[in-house]
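Colleague: Numbering (this note's numbering), first residue to last: 12 to 129.
Treat the hints as calculated values from the structure; they're not laboratory data. For glycine and all other residues, C-beta sits at the position ideal for the given N, C-alpha and C. Keep in mind that the hints are not guaranteed to be accurate.
[As the list claims (entries may be wrong)] DMTMM-like mimics (lysine to aspartate or glutamate), calculated; alpha carbons at most 20 Å apart, straight line: (1) Lys-104 x Glu-122; (2) Lys-16 x Asp-40; (3) Lys-58 x Asp-23; (4) Lys-104 x Glu-51; (5) Lys-58 x Asp-95; (6) Lys-58 x Asp-22.
[What the hints assert, rightly or not] Quick list of the computed label-pair ranges, beta carbon to beta carbon: (7) Ser-101 x Gly-26: 27 to 33 Å; (8) Leu-60 x Pro-117: 33 to 39 Å; (9) Val-24 x Gln-98: 21 to 27 Å; (10) Gly-41 x Val-17: 34 to 40 Å; (11) Gly-107 x Ala-69: 50 to 56 Å; (12) Ala-118 x Pro-62: 21 to 27 Å; (13) Asp-95 x Gln-14: 44 to 50 Å; (14) Val-13 x Phe-108: 41 to 47 Å; (15) Met-12 x Arg-55: 29 to 35 Å; (16) Ala-127 x Thr-25: 31 to 37 Å; (17) Val-13 x Gly-107: 44 to 50 Å; (18) Thr-25 x Ala-97: 17 to 23 Å; (19) Asp-112 x Ala-66: 27 to 33 Å.
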Amino acid sequence: MVQKKVITYSDDVTGEESDDVTTHTILVDGAGVEIDLSSESHDRLLKELQPYLGAAGARRVRGTVTAGSSTKKRATAVSVGSQDTAQIRSWAKENGFEVNDRGRVPASVREAYEKAHA
Numbered sequence: 012m013v014q015k016k017v018i019t020y021s022d023d024v025t026g027e028e029s030d031d032v033t034t035h036t037i038l039v040d041g042a043g044v045e046i047d048l049s050s051e052s053h054d055r056l057l058k059e060l061q062p063y064l065g066a067a068g069a070r071r072v073r074g075t076v077t078a079g080s081s082t083k084k085r086a087t088a089v090s091v092g093s094q095d096t097a098q099i100r101s102w103a104k105e106n107g108f109e110v111n112d113r114g115r116v117p118a119s120v121r122e123a124y125e126k127a128h129a
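My request is simple: use the sequences and hints to build the entire structure.
Modeller: Written out as structure tokens, the structure reads:
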């Protein structure tokens, strides 16, 4: 007898199933939640938070996200100072970087963008 285990990931906001779903940790005032988002929902979240994350007094922070019992790939917490993904994609394409129209922008591209705009 053969057993087959199937794991299905779904976006916590839209309810849609996708292989593109990752877990994100969101921290506010030291308290946080973990939420499973597709790259599209993650991009929308960052866009909505941009006025707060990009505020003049906002400072970038880094933290450690401890892995729970989930076997899903862990993503980093939403960090202060995150740039608008659409703006980064546009800049990257204009400067010869290969980026997809959807999904996560590679860290190397984000770093190049930040360095170019420092």
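Colleague: Indicate, hint by hint, whether the structure satisfies it.
Modeller: The hints, checked one at a time:
1. For the proposed pair Lys-104 and Glu-122, the alpha carbon gap of about 15 Å is at most 20 Å, so the pair holds.
2. The suggested pairing of Lys-16 with Asp-40 is violated, with an alpha-carbon distance near 39 Å, which exceeds 20 Å.
3. About 18 Å separates the Cα atoms of Lys-58 and Asp-23, which keeps this hinted pair within 20 Å; it holds.
4. Taken as a hint, the Lys-104 and Glu-51 pair is honoured in the structure, with Cα atoms around 19 Å apart against an allowance of 20 Å.
5. Simply put, Lys-58 and Asp-95 have alpha-carbon atoms about 6 Å apart, close enough for the 20 Å limit, and the pair holds.
6. For the given pair, Lys-58 sits about 17 Å from Asp-22 by alpha-carbon distance, which is consistent with the 20 Å threshold.
7. Between Ser-101 and Gly-26, the C-beta spacing of about 30 Å keeps the proposed range 27 to 33 Å intact.
8. Separation of Leu-60 from Pro-117 is about 20 Å and departs from the stated range, judged on CB atoms against 33 to 39 Å.
9. In this structure the supplied range 21 to 27 Å holds for Val-24 paired with Gln-98, their Cβ-Cβ distance being about 23 Å.
10. Between Gly-41 and Val-17 the C-beta distance comes to about 37 Å, which sits within the given range of 34 to 40 Å.
11. Taken as a hint, the range 50 to 56 Å is violated for the pair Gly-107 and Ala-69, whose Cβ atoms sit roughly 30 Å apart.
12. For Ala-118 and Pro-62, the Cβ-Cβ distance of about 23 Å falls inside the hinted range of 21 to 27 Å, so the restraint holds.
13. Taken as a hint, the range 44 to 50 Å holds for the pair Asp-95 and Gln-14, whose Cβ atoms sit roughly 46 Å apart.
14. For Val-13 and Phe-108, the hinted distance range of 41 to 47 Å is satisfied, since their beta carbons lie about 44 Å from each other.
15. Between Met-12 and Arg-55 the beta carbons are some 44 Å apart, a value that contradicts the proposed interval 29 to 35 Å.
16. Our hint of 31 to 37 Å for Ala-127 and Thr-25 holds, since their Cβ atoms are close to 33 Å apart.
17. Distance hint check: the CB atoms of Val-13 and Gly-107 are about 48 Å apart, consistent with the given range 44 to 50 Å.
18. Look at Thr-25 against Ala-97: about 19 Å separates their beta carbons, and that is inside 17 to 23 Å.
19. With their beta carbons about 28 Å apart, Asp-112 and Ala-66 fall inside the hinted range of 27 to 33 Å.
In the structure shown, a violation is registered for the earlier hints numbered 2, 8, 11 and 15, in ascending order.
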